[in-house]
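Student: Sequence:
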Amino acid sequence: MNRPNEERFEKHIEQTLIQHGFTSRLYTEYDRNQCQLQEELIEFIKSTQKEEYDKLHKQFDTSTDKQLSKIVNEQISKRGVIDVLRKGVSTRGCSFDMVYFEPKSGLNPEHQSKFEKNRFVSVRQLHYSNKNENSIDLVLFLNGIPIITMELKNQLTGQNIKNSENQYKYDRNPSGEPLLQFKRCLVHFCVDNDKVSM
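When we follow this note's numbering, the leftmost residue of the sequence shown carries the number 7, and every step to the right adds one.
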């Protein structure tokens, strides 16, 4: 008999996300220093803003991806993820959008095409710290940028959102942890089978 556990709850949520257009990545692909999935970020930029990327590449050559990743991280740390998603980033005469929002009409096929190239990714058990191996149950990324974290609790194992809330309060010290800094993610959710809190 299969006993209920948190891992099965995670898998169920992940499978639902995949059915709705997300892809799944491993926590090992996460850059703990830059607080992002660098490959996802760079592929999004290359597929939607190749001319700007090529201009930057002429300046940085082989270190372009690393430098662009660093610039995005610095801008999120300075301005917050919402501002960076809304306004993008600029450096050395190049401007990059970090997301394309859904067009209000179908009159601009190029914008629709870019919107469809947004990359939605889920990562289970994301090891986010350079200090320890703590992990967050599920993190959602948009174009390589973490936007939502979730601590999941399966009530059939005797835990609920109160346990998640306590985990964020007492086990997830934001000091020196880029992912947990104010304005780094849009929201941190506590989720059980029946309820959600922030």
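What the hints contain is simulated information worked out from the structure, not anything from laboratory work. Treat the numbers as computed from the prediction; the structure is a model and nothing was measured. Be aware that one or more of the hints could be misleading.
[Unchecked claim] Simulated DEER-style distance windows between Cβ atoms:
#	residue 1	residue 2	range
1	R98	V202	37 to 45 Å
2	Y176	G112	47 to 55 Å
3	F107	S30	18 to 26 Å
4	S203	N124	45 to 53 Å
5	R38	K17	34 to 42 Å
Glycine residues also receive a C-beta, built at the ideal position from the N, C-alpha and C atoms.
Student: Check the following: the C-beta atoms of Y176 and G112 are separated by a distance inside 47 to 55 Å.
Tutor: 49 Å, holds
Student: Indicate whether the distance between the beta carbons of S203 and N124 respects the range 45 to 53 Å.
Tutor: 27 Å, violated
Student: Taking the Cβ atom of R98 and the Cβ atom of V202, is their distance within the range 37 to 45 Å?
Tutor: With Cβ atoms ~42 Å apart, the hint holds.
Student: Would you say the C-beta atoms of R38 and K17 sit inside 34 to 42 Å of each other?
Tutor: 24 Å, violated
Student: For the pair F107 and S30, does the Cβ-Cβ distance stay inside 18 to 26 Å?
Tutor: Given a distance of about 24 Å, which is inside 18 to 26 Å, the answer is holds.
Checked against the numbered hints above, the structure breaks hints 4 and 5 and satisfies the rest.
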